[in-house]
Amino acid sequence: DGGITQSPKYLFRKEGQNVTLSCEQNLNHDAMYWYRQDPGQGLRLIYYSQIVNDFQKGDIAEGYSVSREKKESFPLTVTSAQKNPTAFYLCASSFGGGEETQYFGPGTRLLVL
Amino acid sequence: RKEVEQDPGPFNVPEGATVAFNCTYSNSASQSFFWYRQDCRKEPKLLMSVYSSGNEDGRFTAQLNRASQYISLLIRDSKLSDSATYLCVVNMRGYSSASKIIFGSGTRLSIRP
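For the protein sequence lines, the chains are V and L, in the order given. For the first sequence, the numbering used here gives the first residue as 1, with consecutive numbering after it. For the second sequence, the numbering used here gives the first residue as 114, with consecutive numbering after it.
These are computed hints drawn from the structure, not numbers from a lab. Note that the structure is a prediction, hence the values are computed from the model and not measured. Treat the hints with care, as some may be off.
Unchecked claim - The calculated lysine-lysine pairs, modelled on BS3-like cross-linking and capped at a C-alpha distance of 30 Å, are:
id	chain 1	residue 1	chain 2	residue 2
1	L	K213	V	K70
2	L	K155	V	K14
3	V	K57	L	K155
4	V	K57	V	K83
5	L	K158	V	K71
Unchecked claim - For the chain V half of the interface with chain L, some residues (derived, Cβ under 8 Å), not all of them:
id	residue
6	E100
7	F104
8	G105
Glycine included, every Cβ here is placed at the ideal spot set by N, Cα and C.
Make the full structure from the sequences, and use the hints.
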């Protein structure tokens with residue numbers, strides 16, 4: 001089945017620790033996105049990538065980093081510089097090139113210990 | 114003023130009722146529009162795209178009013194399973210002509226028996 005997967009479903013981070021969230025898609029989509037959602041809030045864009053080996057900062061990139069070495073994969077690292085990382089993290093993908101309908105993975109819930 | 118605004122609700126309506134909610138957007142150059150549905154603690158899922166001529170999918174009807182810069186979603190004969198948060202999504206063209214996708218904060222809908 002084609003789709004987007006994210007892992008883990010829940011992730012616990014200790015103070016000062018970097019953690020990496022996985023996002024994989026087999027939809028042959030060029031564009032991939034990372035969003036953060038806080039309770040009762042809309043989605044805020046962290047980073048996006050329109051093509052392999054290229055990515056752009058979104059609205060709230062500080063304290064996060066990404067890589068796009070493969071078309072299928074777009075991992076997000078939450079660094080220790082992100083002071084309030086507790087949130088629901090959603091990865092999405094689209095065909096790109098003007099076709100912007102996005103399809104989402106099931107999300108990763110990050111909690112700080 | 115937010116770029117995309119929705120009434121957060123909650124809308125609490127009886128089963129079988131018709132319910133409608135709007136979403137306003139600020140950028141008149143916005144290109145494409147979508148409604149997503151998000152269940153509690155789940156990822157958003159595409160409900161329908163919104164076309165200039167309006168479109169219907171079963172009990173759901175979406176309309177676009179470019180003059181007044183809003184989109185609407187109408188749900189007829191509501192079911193208990195329609196209870197969810199409905200996210201308005203607008204693809205805006207930014208100053209650099211690059212597309213920018215903005216999510217509204219969502220409207221909560223609760224259908225009671």
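Here's how the hints hold up against the structure:
no.	hint	verdict
1	L:K213 - V:K70	23 Å, holds
2	L:K155 - V:K14	25 Å, holds
3	V:K57 - L:K155	25 Å, holds
4	V:K57 - V:K83	18 Å, holds
5	L:K158 - V:K71	22 Å, holds
6	E100	5 Å, holds
7	F104	4 Å, holds
8	G105	6 Å, holds
Against the hints set out earlier in the document, no violation occurs for any number.
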